[in-house]
Each structure stands twice: as structure tokens, then as C-alpha cells.
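K.L.:
This is what each chain is made of:
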Amino acid sequence: MTAPAPPPGPAGPPALLEVTGMVKSFGGAPVVNAASCTVANGSITGLIGPNGAGKSTLVALIGGAQRADAGRVCFLGQDITHQPVYRRARAGLTRTFQLSSEFARLTVMENLMTAAQGHAGERFRVLLLGKRSWRQEEARVLDRARGLLQRFGMTAKGNDYAGSLSGGQKRIVEIMRALMSDPQLLVLDEPLAGINPSLARTIESYLMDLNREDGLSMLIVEHELAALERLSDTVVVMASGRVIAEGELSDVLARSEVVNAYIVG
Amino acid sequence: MSTLIASVGFGLVTASILALAAVGFTLQFGISNLLNLAYGDTMTAAAFAAYLANRAGADLWLMLLTGGAFGAVVSLALNRFVYTPFRRRKTSLFGMVIVSLSVAVIVQNLLLAGFGPSFFTYQIGQSRTLRAGSLALTVNQLLIIALAVAAMLALHLLLTRTRLGKAMRATSTNPSLALGCGINTPRVVGMAWLLSGFLCGVAGVVLVANTTAFQSTTGNDFLVLVVAAAMLGGVGKPYGAMLGALVLGLVTEIAAGIIAPGLKEGFAFALLVLVLLVRPQGLFGDATSRAVAA
Amino acid sequence: MSAAAVFYLTTLLVYVGVDILAVWSLNLQWGIAGIPNLAWILFQSAGAYTAAVLTLGPSSGNGGFQSYIIGARLPFPLPVLAGGLVAGALAALVGLVVLRRLRGDYQAVVLLVITVTATLLVENFPRFLNGPAGLALIPQPLSSRFASSIGYAWFYVALTAAVCAVVYFLVVRRITGSPLGRALRATRDCDFAAAALGKNIVGLRLFVFVVGGVIAGISGALLVEFITAWSPGGWMYVESLVVFTAIIVGGTGNDFGVMAGALLVPVLFNEITRYIPTFGSPYLVDALQWVVIGGLALLFMWFRPRGLFPERRRTMALGGPGTTVAGPGQAGVEAGRAGASQGSGAGTSTAAGGAGSGL
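Chains as they are written, first to last, in our numbering: chain A, 1 to 265; chain B, 266 to 559; chain C, 560 to 918.
Pulled out of the complex, with its shape left as it was, chain A reads as follows (with noise of 0.2 Å):
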């Protein structure tokens, strides 16, 4: 699950992900206005704002679910900016949603199966081919599958519809599908938002074994600070559309600019 890191650069290692400049507006006013961050390679990024900010709209622009007026996005040194949802995912950018996205009428099991990559199985020449072209691979995905669940505790609700599932359920299958994915960044858009607080952690802790032993780099919209003090190397502020800071959250908060952005919201 780990990309080899790039090769450090004068600079320091290039970033995972770029963001440069975004502009998008819905009917004539901007959402989000000229804002530039990036992701380190092996970081857990957060991103921060007051309601209204303009995060969500930032992060479906890079997961490419909006199109950008204007700006660009680079991911492992590539420009994505034009690319569409899916091609984005299969250079390792998965992005999970707020709202509810689980493959309601399918499994657990097959809501993971759904996510693996570049599956033969999933190819059209399956109805040329049949089974036999698939059949192992599916075999693998299908023991993959078998040991996120186990890591993640769900292994009971394995057969169960996704739909059936609760909501802080329905979460943790979200992440693993994530990871079914094989990213290379994950980017969540509220992961901890609405679930009780001993779920919370326990996601949290997944999130860090995640980052630490795999080295995973993730991208975090979050509203509460208090677990992205735990998790996150740096934050990036948003506020009215544009990044106002960067840097460790600690250090972040302390600024005027930033704390002026609160209080106004």
C-alpha cells in the first residue's frame, strides 16, 4: 500500500498533491477563490474553516466531482485538473463522501470486492472470456476483503446489506472501501462528523495505524480540532473561499488571521 517515495528534489521531496489557485463559483459568486495547498508525501493534512469556507467544495474539485473555473491540480507530479472521477482514483486519490455512499443493495463483502482495482473480472471481455479469467483474482480480492474486515472488526456484518447498517457502520465501511482501493492519498470529507465519540477514536486510531505503519497520506476536512491535534502534521485554513494559513495546528491557531476568520465565520 505504500508508493515508493519520489526522490528528494533541491527543495525538499516534491508534494503528493498540489493545489494551485482554484476557482469555482456557483452562480456568479466565487465558493472557493484562488486557493493553493498541498499534501505531503506521508502526512496526514488537515482542513480547516469556519462554515462556509469553502472545504467541501475544495475537496470535490480535487476528487474531481466539480469542474474548476479556473486553477490546477497536481497529484504524484501529474496534472489532474482535467481528469475525470475515476481516473483520479485509479492514480491512487480516493475520496470519501459525507453524505451517505455505500452501496446500499450490495453487501459489506461486496461493497470492499466493488472497490479493488483494476479488477479482470470487471473487464467487458469477461462476456467473452467467462469465469475462468477471473476466477482467482476474484479469490484474492475476495481474502483482501476478509482481512480488512477482520482489521477492522466488521467481520459479522460481512454479509449483511450495507444498507442495513448503522451509521457509524456505514463509516467504517466507507474507509475500507478507501483502502480496498489501494490509494496512494485518501481524502475525507468529515470522517468523524455525527458518530459517537468512542466510534470516533477508535476510527481515529485506524487512521493513525494507517498513516504510521503503511504510510498512507491522507487529506482531512474536519471540524473538530481536538482529533486533528491528534492526527494531523499540518493543517491548511481555509476561510471565504481562499487558504489563509498553513502549518502545525497549534501554531495555526494562535494566529489573528485565523482566529479572526472563526469569530466572523
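No lab work stands behind these hints, which were simulated from the structure alone.
From the structure, some residues in chain C lie toward chain B, with a derived Cβ separation under 8 Å:
hint: 1; residue: Thr676
hint: 2; residue: Leu843
hint: 3; residue: Leu847
hint: 4; residue: Leu857
Glycine included, C-beta positions come from ideal geometry on N, C-alpha and C.
Got chain A; can you put chains B and C on it based on the hints?
P.N.:
Using the frame of chain A, we list chains B and C on its own:
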């Protein structure tokens, strides 16, 4: 050239009928986020109601009233007893299409069962034809145009000057916010269906009054043109529907006059497909309008 | 069995076969992939018309009362195969135009408009496919080889059954039982999430739309070669509702469920009317049939939207924490990867189990 001018005249008549129908249709979409495919058959039902009134001796004005009232009641009932319960169960958007399509099929075939497959006509007397150069329209046709213009004006005043109108616009744009502002949403929705149903019924009567004969399928045949006009202008936007109706009404009649009468709707649909390819939200819709991205 | 009874039975069986192909094709498009294809009937018609004009021979024949394009006299099974291909090509064209990220009901209505436009075109260009009158006197394939018409009737039943079997084992089952089918269902359930996991949802939808179109075309070709006639009155857009109702009643997404739907809705309906004494005029029974179909759709959408035989749940062997479970038919899985995930799984499973109980 004279054919062109004459076609423009007919185009205005068709546009008027279309406008009445399309605005009602688009109001229903705006307020309930629903493409009511039973709209055309409601028009037919209203036309039949007016027919019965006609048989009982009603004149055109009374028939319009009857048709409009019938359309209003049927539409209101449809929304209250069929659409709303299904929507409360979180039926998918396409599921609602199946629901409204099923209702359409039921209504149309009940009319067929009740009235039979023959053609019917209104007894409203031949009205004189007035001529102005190449333009030749009957008095009834001019009445239809006047009626449509008056209705559009009245609707405009309603939407901009009255509390109900503003409440309708608010509910269309953002139902939960409207509710939060203290607007009695269920009542506003009901009034919207009543109003659009009235337009639907009047459109049905007017449609039939302008043709030589009608049958149980007439309204449904017209539905596609209505949907096209609404989509052209951007579903949910009443002014868009008016513009869409004008454009399509003129296009169909001019195409019929100059090119080929049988294919006239074909040009309308071709235009619609073209617009949808270039600008799927229609002429007035915004890019983030609900009709576009899933 | 009397000759009349045999003809009745064989005709019924051919219709069963054709309707089964029909529900399978729409089930692939809608039940599995979630495409609201209100233009389905268009593709069956395309197949029927193609087979017809490739079987009829030149239009000047039979006294020249029909006018249509092509007019070849290709041997069986070419017209049927061509019917499938043309329908598939039409599906590709329509799909490219419509299958973008439009919301479901909007897409459906656009497909509806396309269907109505197609009817308009066929009716107003009589030299294309003989306009509103439609095509008739289509010669049945291989009929000259059979001495008795009873023998031919049974042949056609066998032919239809064979086509069904081929379509099922080589296409339907291969799609629905594979990871491709899973990806399609995922796209149906939440398309933006599927895209975010690397699925090319536009490509997937186009693929299944075309495959479904081909099967629909084959069903039309088979049907027209048997009933020897085809006209616009028989393919109005409401006909698609019949197939949708069959799927809703039988079981959306379930290959066998929809077969039951095919038996219950189109077939049963057409047959029941034979046994009801004709009351009133002929149009009355017809009209009431449609009322019942609409009512059936509403009833099932309300009380049992998943259908009589809902989509099967695909269960998998899960194993317990710390145990190694062999995958289906594959014992020698990459030990390294499986071992590593099992290892860490065993290590953290107690903690996860503890947290799990709080979920």
C-alpha cells in the same frame, strides 16, 4: 412568404396552447420535483369533462371553466393521494416516473373504456375568420391567444405580487428553508397543484377547441411537446416554459407550413435534443439546477 | 392434441421465449445497472424491422404494395443476427447522447421523447419502413424445409428456446454473476461513489446499454420472423411499461425472478383475454388490460417494490478472526499478503472486537 406569415399566425396559436400547458407542467415540477407524465391525460380528461358540459348546453366559456375546475381537482387529488405518499416512501426519481406513467396509462384507458375509441367534437359553432394580409385566424383562435396572454400575465402577477406566489417561489427553490421561514408548505404545495391543474384543464379544452376532433389519446400525444417546451426553457422555470412554448409553437408551425406538415413535431424534438446536448439545463436553468447532475 | 391446440401452445411458447429475452435485456439495463430505459421498445423494434427488411426481398415483390429500404433475402440466421447488431448500434448512438450525468427521471423522459420521435420518423417517411401500415408478409425462416406447419411450429419453439439458452449462459449469467455485474450494481446504487473508486461509470453504462439493446433486437427479430408483421402501432412507448411492470412484479435484478414476471405480466395478460367472454366491444377488454397493467405496477411499487423474487443476496465465506479461509477454488492464495493481513488482524481483532460491540 405568405405561407410563412400564415404559419407564424398558427404558430402563435399553438404557442398559446403550449404555454398554458407547459407552464402548468413546469409549476408542478418546480413545486414537487416531479415530472408528471399523467399531465397529458389529465388534459384529455378535462377536455372530456368540458365535452359533457358542452352536451349539456354549455358555451365555450363555461366549458373552459368546467375543464379548468376538473383539471384542478384531479391534479390536486393525484398529488395528495398518489404522488405524495409514494414520495414519502423515498421512491427514487425514476420510480416516480413509473408511478406517473402508470397513472397516465390508467387514466387514458379509463377514458377509452368509458367513451370508446371514436372521435368527438365540441359544438361551439364556427367562428368567423379574420384576415390581415396573409394572416388568417378565426375569432376562437384569437381568443385562445388572448386567453394565454392573460393567463401568463395573471400568473406573473401572482408570482411576484401576492404572498401565495412568493411562497410558491420560495418552496420551489428551497422547500426546507421555506418551511423554516414559517411558510405552510403543504398548503402552498396544494395551491400550486390546484393552480397548475387549472391551467392543465384549460389547456386541454383549448387544445381540443382548436382541433377538429379529439379522442382518448389526444392529450397524451400533446404531452411530449409540452415536456419539450418545459425542458427547453428549463424545468421548473415558468418564464422558461413560456419562452419554450413560444419557440416550439413557432418552430412546429413554420416547419409544417414550409417543409412537411406530418413531421412538424419532429423539428421540435430535434431542436430539443440539440439544446439538451449543448445546454442540458435548458435556456433558463442554472448549471446546478436539479434537472442536471444526479 | 388437435392441430388448433398445438398452434396455440407453440405460439404461446414462442411468446414466452421472446418475453423472457425482453425482460432479461431490460433487467440488465435497469435492474442491474439502473438505467431508466423508457426507450426499450425502440430497440426491440429496430431488431424486428432489420430482420424484416433483410428477409422480405425487394419491395417491388408481392405486387409492390409495401415500400421499404434494402429488401434483401438473406438466409437464416443472418437477419436475426443483423437485428441484434443494428439494435446494438442504435443503443450505442442513443446511449452516447443520453447516458451522461443526468438525473434518472430526466434521462427517462429524454428517452421517451426519442422513442416518440422515432415513431414520428417512421410514420412520416413511408419509403423507409412502409410508414404507419408497417411491414407484412415477412417470410418465415426455413419454412420451406418443413413438410407440416405443425412441425415448423415446434421447430420455432425449439429455436426460441435455444436462443434463450445461449443468451442466458453466454451473456446474462456471465454479466450478473461476475465482478462486472457487481460493478454495474454498485454504479446503480451510488454512481458517484463508484466513480470515486475507479469505476468508469459512463463506459459501464454504455456497455450494458448496448448489450441490452442487442438482446432486445434479437427478441424483436425472432418475434417478427414468427408473426410475419410489424407496425408502428405495436411499438408505442407504453409498451416499455409492460416490460418494466414484468420486472417490477417478478423481481428487479433477479434473473429468474424476471422470468416469472415475463410469464405473469405479458404472457398471462395476453392469454387471459382469450378466456374472458367478450363483453362490450373489443376495445373495452384492451383498455381494461392496460388499466390492470398500470394498476399492477402501482400496487407492486407500493407493496412489494422488490418484486416477488427479490435480488439474491450474494453471501461469501467470511471465516473468523485469526483463521485462514480458502477462497473459492483457490487454496494457494498469495500467502504473503493473506498472511500479513491475517496476522495484523489477529493482533488487533480483540481491540476491534471490543470497539465493535460499541457500534
